[in-house]
Amino acid sequence: MENILWPHIQRLKTSVPLIHNITNYVVMNNTANALLAAGASPIMAHAQSEIEDMVNICQALVVNIGTLDEYWSTSMINAAKKANELSKPWVLDPVGAGATSYRNEIIAKLLELKPTIIRANASEIMALAKATNIATKGVDSTAESDEAIEAATSLQKEFGAVICISGETDIIIGKDQKLSLKNGNALMAKVTGMGCSASALTAAFAAILENKFEATVAAMALIGVCGEIAAKSSSGPGSLQLTLLDKLYNITEEEFRSHLKIGE
Amino acid sequence: MENILWPHIQRLKTSVPLIHNITNYVVMNNTANALLAAGASPIMAHAQSEIEDMVNICQALVVNIGTLDEYWSTSMINAAKKANELSKPWVLDPVGAGATSYRNEIIAKLLELKPTIIRANASEIMALAKATNIATKGVDSTAESDEAIEAATSLQKEFGAVICISGETDIIIGKDQKLSLKNGNALMAKVTGMGCSASALTAAFAAILENKFEATVAAMALIGVCGEIAAKSSSGPGSLQLTLLDKLYNITEEEFRSHLKIGE
Amino acid sequence: MENILWPHIQRLKTSVPLIHNITNYVVMNNTANALLAAGASPIMAHAQSEIEDMVNICQALVVNIGTLDEYWSTSMINAAKKANELSKPWVLDPVGAGATSYRNEIIAKLLELKPTIIRANASEIMALAKATNIATKGVDSTAESDEAIEAATSLQKEFGAVICISGETDIIIGKDQKLSLKNGNALMAKVTGMGCSASALTAAFAAILENKFEATVAAMALIGVCGEIAAKSSSGPGSLQLTLLDKLYNITEEEFRSHLKIGE
Chain Z
1 MENILWPHIQ RLKTSVPLIH NITNYVVMNN TANALLAAGA SPIMAHAQSE IEDMVNICQA
61 LVVNIGTLDE YWSTSMINAA KKANELSKPW VLDPVGAGAT SYRNEIIAKL LELKPTIIRA
121 NASEIMALAK ATNIATKGVD STAESDEAIE AATSLQKEFG AVICISGETD IIIGKDQKLS
181 LKNGNALMAK VTGMGCSASA LTAAFAAILE NKFEATVAAM ALIGVCGEIA AKSSSGPGSL
241 QLTLLDKLYN ITEEEFRSHL KIGE
Chain U
1 MENILWPHIQ RLKTSVPLIH NITNYVVMNN TANALLAAGA SPIMAHAQSE IEDMVNICQA
61 LVVNIGTLDE YWSTSMINAA KKANELSKPW VLDPVGAGAT SYRNEIIAKL LELKPTIIRA
121 NASEIMALAK ATNIATKGVD STAESDEAIE AATSLQKEFG AVICISGETD IIIGKDQKLS
181 LKNGNALMAK VTGMGCSASA LTAAFAAILE NKFEATVAAM ALIGVCGEIA AKSSSGPGSL
241 QLTLLDKLYN ITEEEFRSHL KIGE
Chain G
1 MENILWPHIQ RLKTSVPLIH NITNYVVMNN TANALLAAGA SPIMAHAQSE IEDMVNICQA
61 LVVNIGTLDE YWSTSMINAA KKANELSKPW VLDPVGAGAT SYRNEIIAKL LELKPTIIRA
121 NASEIMALAK ATNIATKGVD STAESDEAIE AATSLQKEFG AVICISGETD IIIGKDQKLS
181 LKNGNALMAK VTGMGCSASA LTAAFAAILE NKFEATVAAM ALIGVCGEIA AKSSSGPGSL
241 QLTLLDKLYN ITEEEFRSHL KIGE
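Protein chains in written order, with full-length UniProt numbering: chain Z, 1 to 264; chain U, 1 to 264; chain G, 1 to 264.
It should be emphasised that the hints constitute simulated quantities derived from the structure, not laboratory data. You may find that some hints are simply not true.
No copy is singled out in the list; a pair is fine if it fits within one copy or between any two copies.
[What the hints assert, rightly or not] The list that follows gives simulated cross-link-like pairs (lysine-lysine, DSBU-like), each with its CA atoms no further than 35 Å apart:
no., residue 1, residue 2
1, Lys175, Lys13
2, Lys114, Lys232
3, Lys130, Lys13
4, Lys81, Lys178
5, Lys82, Lys232
6, Lys157, Lys261
7, Lys157, Lys232
Sequences are here, hints too, so could you generate the full structure?
Below is the structure:
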């Protein structure tokens, strides 16, 4: 896996896939900039009058429910349906899963539409499993990360999606595949929208790679390595936000390979 | 007062209160980042289908009307009602008060719901007093700042809220209490959303402190001192935006105490 | 033309015109900051209940359709009508023109309201001409830039607006007038919303200058020169975003004059 990731990252810059984002207000600017810096081309649009047309011209779709409401939820569902109809990959970022019953209800509808990839943190992944009544063993003595992995594995089997649990260690789970990435830096948790950028990058790689497990690994490896390098030259979360964009734009093969930490 | 502020700032980082923001599109990213940098945890959500549930899980609420519309106004009002029902503090930031009659109408409805704290600039505070027909003496020879203080004092009495008039000097008015802060830098006025970040930080301190006057002073002192220090190392408003976030994250007790300028 | 631009730039800082922006979610923060840095004062508002009142208090209006929907489109149309009624200049930024039939339909309605200035990239300008069935010669051997200039010239004649085609070279077309600007840097294309900031600055200059051709040139020259200087001290698109704001704020006459590249 180590050897194929850098070529994928290079290919993103030459392919310039068009990525349609239905995402939250808080992170739209950063997400668009992260996609541009890494080589993709962002669209941000949500109008019900054009949502299918936008999916029609993009190469991949991101549905991020961070600031959802009744209108946007309909757009999200219609966009996901259209992506399926056109066999285009789409990534679900279930921000705040479990926080409210409304959020869980919309998530359940989106899961029924079988996202290609789901990226979320551990607590959101566990909330997804609960929201869809997927049976988990209910082992009471395991650590939270074990419970999240169990939930992710169940979600993978039920919906067929590649699942990424992001956190200090990112865990990517595909059909009979599992891999972990130990890049990143704790300062990244102090900048809003890092996960949202990761989801958008995942869609960008999914747009250019047949293998969606590899696409997810490439995206998470890229943002993890870039964030780790950027954090070292940042004096706080404000500067990290921009040094990360700079690094997504100018990372070299040497930097990427020397920092990458893949585990099982 | 000088001696209790730093412990409050420290406590914010260890308490990590969850702050629910119904705020304007322009500043959502900065506001979330300011909360994170100072130690709080932001939620941004506005859907009528979940607004009460979000208030239910937060420790304090911010209602910022900057980019209000008919849908969002209803969410704001419902959220404020729920916050009152649950006795949770909520901060009103009446952006653009006085600019349009629609804005004044919504503000009047929000004031009836008795915000815990109101933070605004002098002209907004004066517009609030007019929008609610609070009698002001109409002294015609006083400076604008005197008129704003008079308006703020009337608002404090009428609605029971702590009032903060922010500007070159920040003036905080509570029941039989008044204090001024002379920190900050003129460059801060060239960055959008500084006041909005101040309101969000006020909510964060209100979430962890019983004394809402102290909470308001702590928030305004923190952002004022951090902005002042950050401005010195900024070459313009672009860099100030990020150096402020860095400083909110890494300010030391020595820096805070040596810069703080409290007046009567 | 060279000699009148700097005085215009200076005048913006002393006039502080109020610019009303109905713009897209992605760029609201940057746009507000670009206006502030250059000396203008931004309003961002979209509620149908106050849109005419906001136009009433501003000196110029920007309509940017980037993240339009059915509600916002109505606000845009109502705002443009009100601007016309009050003889206030308004700038149309037709983001994504040609991408969907819905977008084209709204653009056609906005063009009927005769924007004072239209700023867009070459492909959007060509889409505008198509959306409004303006006959173009359909010369099949010309370069894309020639086709865009032809479309812009037709749009200028049909609707009377000053047209700016922005790109590596910015081309500004007025009634019997044409001028090009060769400032800028390729890195600017890697930051979202540069064009949107340019449109907002165009409105700012249109607010203070009777001659709307000059206003458009002043805005494009300012952002082009600032972007060019800022890119030299940026290590990527993240830092460019903030160094551009710094430079809009602190550019000197010497810097501006020595970098400005005007062509025919």
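Outcome of the hint check:
For the identical chains of this complex, lysine 175 and lysine 13 are intra-copy neighbours only, at 28 Å inside a copy versus 41 Å across copies, given an alpha-carbon limit of 35 Å. Taking the shortest Cα distances, lysine 114 and lysine 232 never come within 35 Å of each other, neither inside one copy (38 Å) nor across copies (46 Å). In this assembly of identical chains, the alpha carbons of lysine 130 and lysine 13 lie at most 35 Å apart only when taken from different copies (31 Å versus 38 Å within one copy). In the homo-oligomer, the alpha carbons of lysine 81 and lysine 178 lie at most 35 Å apart inside one protomer (28 Å), although the nearest pairing across protomers, at 47 Å, exceeds that limit.
Taking CA atoms no more than 35 Å apart as the test, lysine 82 paired with lysine 232 passes in neither setting, with 42 Å inside one copy and 43 Å between copies. Taking the closest pair of Cα atoms, lysine 157 and lysine 261 come within 35 Å of each other only inside a single copy of the chain (27 Å); across copies the shortest separation is 60 Å, beyond that limit. Taking the closest pair of Cα atoms, lysine 157 and lysine 232 never come within 35 Å of each other, the shortest separation being 38 Å inside a single copy and 51 Å across copies.
The structure is inconsistent with the numbered hints 2, 5 and 7, although it conforms to all the rest.
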